[in-house]
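Asks: The residues making up each chain are set out below.
Number of protein chains: 2
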Amino acid sequence: MIKMIMARSRMRRMGMAWQKGLIKKMRLHSYSSKVIMSPPLVSLDLPDVWTHSSSHDHSLPPPVCSYQRSATVIDGKSIAEGIRSSIAGEVKRMKDSIGKVPGLAVILVGQRRDSQIYVHNKIKACEEAGIKSVVSLFPDDCTEDEVLDALSNFNEDISIHGILVQLPLPQHLDEGKILDAVCLEKDVDGIHPVNMGNLAMRGREPLTISCTAKGCIELLIRSGVKIMGKNAVVIGRSNIVGLPTSLLLQRHHATVSIIHAFTENPERITNKADIVVTAAGVPNLVRGSWLKPGAVVLDVGTCPVEDASCEFGYRLVGDVCYEEAVGLVSAITPVPGGVGPMTIAMLLSNTLDSARRAYAFT
Amino acid sequence: MIKMIMARSRMRRMGMAWQKGLIKKMRLHSYSSKVIMSPPLVSLDLPDVWTHSSSHDHSLPPPVCSYQRSATVIDGKSIAEGIRSSIAGEVKRMKDSIGKVPGLAVILVGQRRDSQIYVHNKIKACEEAGIKSVVSLFPDDCTEDEVLDALSNFNEDISIHGILVQLPLPQHLDEGKILDAVCLEKDVDGIHPVNMGNLAMRGREPLTISCTAKGCIELLIRSGVKIMGKNAVVIGRSNIVGLPTSLLLQRHHATVSIIHAFTENPERITNKADIVVTAAGVPNLVRGSWLKPGAVVLDVGTCPVEDASCEFGYRLVGDVCYEEAVGLVSAITPVPGGVGPMTIAMLLSNTLDSARRAYAFT
Numbered sequence: 604m605i606k607m608i609m610a611r612s613r614m615r616r617m618g619m620a621w622q623k624g625l626i627k628k629m630r631l632h633s634y635s636s637k638v639i640m641s642p643p644l645v646s647l648d649l650p651d652v653w654t655h656s657s658s659h660d661h662s663l664p665p666p667v668c669s670y671q672r673s674a675t676v677i678d679g680k681s682i683a684e685g686i687r688s689s690i691a692g693e694v695k696r697m698k699d700s701i702g703k704v705p706g707l708a709v710i711l712v713g714q715r716r717d718s719q720i721y722v723h724n725k726i727k728a729c730e731e732a733g734i735k736s737v738v739s740l741f742p743d744d745c746t747e748d749e750v751l752d753a754l755s756n757f758n759e760d761i762s763i764h765g766i767l768v769q770l771p772l773p774q775h776l777d778e779g780k781i782l783d784a785v786c787l788e789k790d791v792d793g794i795h796p797v798n799m800g801n802l803a804m805r806g807r808e809p810l811t812i813s814c815t816a817k818g819c820i821e822l823l824i825r826s827g828v829k830i831m832g833k834n835a836v837v838i839g840r841s842n843i844v845g846l847p848t849s850l851l852l853q854r855h856h857a858t859v860s861i862i863h864a865f866t867e868n869p870e871r872i873t874n875k876a877d878i879v880v881t882a883a884g885v886p887n888l889v890r891g892s893w894l895k896p897g898a899v900v901l902d903v904g905t906c907p908v909e910d911a912s913c914e915f916g917y918r919l920v921g922d923v924c925y926e927e928a929v930g931l932v933s934a935i936t937p938v939p940g941g942v943g944p945m946t947i948a949m950l951l952s953n954t955l956d957s958a959r960r961a962y963a964f965t
Numbered sequence: 604m605i606k607m608i609m610a611r612s613r614m615r616r617m618g619m620a621w622q623k624g625l626i627k628k629m630r631l632h633s634y635s636s637k638v639i640m641s642p643p644l645v646s647l648d649l650p651d652v653w654t655h656s657s658s659h660d661h662s663l664p665p666p667v668c669s670y671q672r673s674a675t676v677i678d679g680k681s682i683a684e685g686i687r688s689s690i691a692g693e694v695k696r697m698k699d700s701i702g703k704v705p706g707l708a709v710i711l712v713g714q715r716r717d718s719q720i721y722v723h724n725k726i727k728a729c730e731e732a733g734i735k736s737v738v739s740l741f742p743d744d745c746t747e748d749e750v751l752d753a754l755s756n757f758n759e760d761i762s763i764h765g766i767l768v769q770l771p772l773p774q775h776l777d778e779g780k781i782l783d784a785v786c787l788e789k790d791v792d793g794i795h796p797v798n799m800g801n802l803a804m805r806g807r808e809p810l811t812i813s814c815t816a817k818g819c820i821e822l823l824i825r826s827g828v829k830i831m832g833k834n835a836v837v838i839g840r841s842n843i844v845g846l847p848t849s850l851l852l853q854r855h856h857a858t859v860s861i862i863h864a865f866t867e868n869p870e871r872i873t874n875k876a877d878i879v880v881t882a883a884g885v886p887n888l889v890r891g892s893w894l895k896p897g898a899v900v901l902d903v904g905t906c907p908v909e910d911a912s913c914e915f916g917y918r919l920v921g922d923v924c925y926e927e928a929v930g931l932v933s934a935i936t937p938v939p940g941g942v943g944p945m946t947i948a949m950l951l952s953n954t955l956d957s958a959r960r961a962y963a964f965t
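If you read the sequences in order, they're chains A and B.
Start counting at 1 in the first sequence, then tack on 603, and there's your number in this note's numbering.
Start counting at 1 in the second sequence, then tack on 603, and there's your number in this note's numbering.
To be clear, the hints were calculated from the coordinates, so they are not data collected in a lab.
Take the hints with a grain of salt, since some may be wrong.
The list cannot tell twin chains apart, which means a pair is met if one copy fits it or any two copies do.
Unchecked claim - Straight-line Cα separation of at most 20 Å, SDA-like style, residue types lysine to any residue; simulated pairs:
1. K727 / Q714
2. K735 / S762
3. K698 / A961
4. K875 / S892
5. K703 / G692
6. K780 / V797
7. K680 / N756
8. K727 / E759
9. K695 / E759
10. K727 / V737
11. K703 / G897
12. K829 / N868
13. K698 / P939
14. K875 / G930
15. K780 / R805
16. K780 / E808
17. K695 / Y962
18. K680 / N758
19. K780 / G806
From a predicted model like this one, the values you see are computed outputs, not experimental measurements.
All chains, full assembly: derive it from the sequences and hints.
Replies: Following this line, the structure appears as structure tokens:
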């Protein structure tokens, strides 16, 4: 048994050394890609070498987060602007080199005001980055076949590299059937089961990762937050945000717990977390008592709340009770201006990547 | 805001009532299916209705687990025998009705002693249940094309309903490429990315779920362990066990945390868990101090350790320090005779289900 433990300890040291080299290599790679700082996924697959003494292992660096009186506000808007500017540069380079630009198609069904605003913002961002965009608008009472026909055309259109179905769809449409009709190569939302399966499974790499999940990781990396080994909690388990964020955090070797509405005593889990990503869509769900001093908080929740004093009669609020959190945590994203702008930036990035693959443009 | 909370509280009550009705319905369904007690997956998709007071919600029943001096030993062998006997009955009914039996093909590459034993046990179990089985044996130095050719033949063979590639494969073979070649309908190991993606995503249902993950849930259900709302920890994140088990526990509305070799202070997380499933493959990794009194422990670890006093010169040990755990937890699976036999029973069940689909036999 002693021999086994010694061998394991050696393997672990080798693993750590290999891992350090790999991280250095990945940093070099990510700087050279110019747009996104997140490393490629598969290279992050590190061997799980277990030791019996892992609980008392002091070889890992201490947590980045330390208790501060006033949190750093993570300026997602400014970070996203920088990324969008880099993407615009890459799109120009593609156009100058091969005479092509990336193309995004959006399908919007119905008259939901929030969906209309989201789509408007995405299209505007495409224009600014030089990405071609097309929107197919359908009335609330359209048929499934009408939507599927439009999807089929976009799948075949070689000038379109990304297809986005704005969710939620009206109840009478089969969301699963419609999303399945988007061809894997153009699934810029990362919501195709093959992309999700490949994100979940070690040793595999999805073509695309959910824009919000990718945006969250990018914010953590750009804010200098260490993810590996940290306790991360994801609140919410939606297919589009909570699930891929939890899977991606795990790919970055965080220890992930997923909280949902059936969780008993959620704050007993959240207040042990170094990183909290919340995407429940419930204003003020996360109170100060839910958070560990010094934690890093990413608030994906974006809920319109009536407010007559605001221009449009409402204001957007997140899941986190910001006033309670800001004096307690080490870093936090505001709502709006935190994760939201990153989601759009990652959509442009995913569309650019898809066009790069289609044209074999590096 | 008060109006919002009241509406949410009403929705929650409705959700709970609906949920109770659903559970009752599912129980009826599961009893009628005769073989597996786990409910169908998609029906388990419950709406996440969040409340601000969820931390103080006493409407949920108290935990099943209570502290006992001596744990119930979950007799996986006996439970699996019962399931295999039911499967044999169903196979006979299929043969009598339509003159067909389910067929399983196994691909085994190389001379690993443990893999040979596993395959031998699976084939023997097939024979006893009346399921046809075929094994393709390849030498250690076979080429990828040879394995892919065999897979292609099994994919086309209408008498084969399940294909199993015994892992691990020798290093020179591309595991991902080989597993991807198994057609989705015959993926009785539930390891195809589409099956994994559909297991992960709410509102979707995989054709097949990993045998071990399914076996673990079946053991919990048959042992009367409540899963919904409980804190569950999965130790290990392999594609074949840890990952699907964590996803399946979440489908059953547990609050799941995934521990791996990069987790800092793993026992600080495991000793808060009501349910611990451990699949690290490290003997005695989980000590008594890692476990909460009254927890339920499923030990998937199966590691051969040299022991001259045993018939074959070795004995199998799990991840859990059994002697320390047994006086502390409320229920535990032994190694061997716990989860292992369930994995084989679930393989037979998955093969039967696949044949049922192929022949539209209910």
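Asks: Which hint numbers doesn't this structure obey?
Replies: Per hint list: 7, 8, 9, 11, 13, 18 violated.
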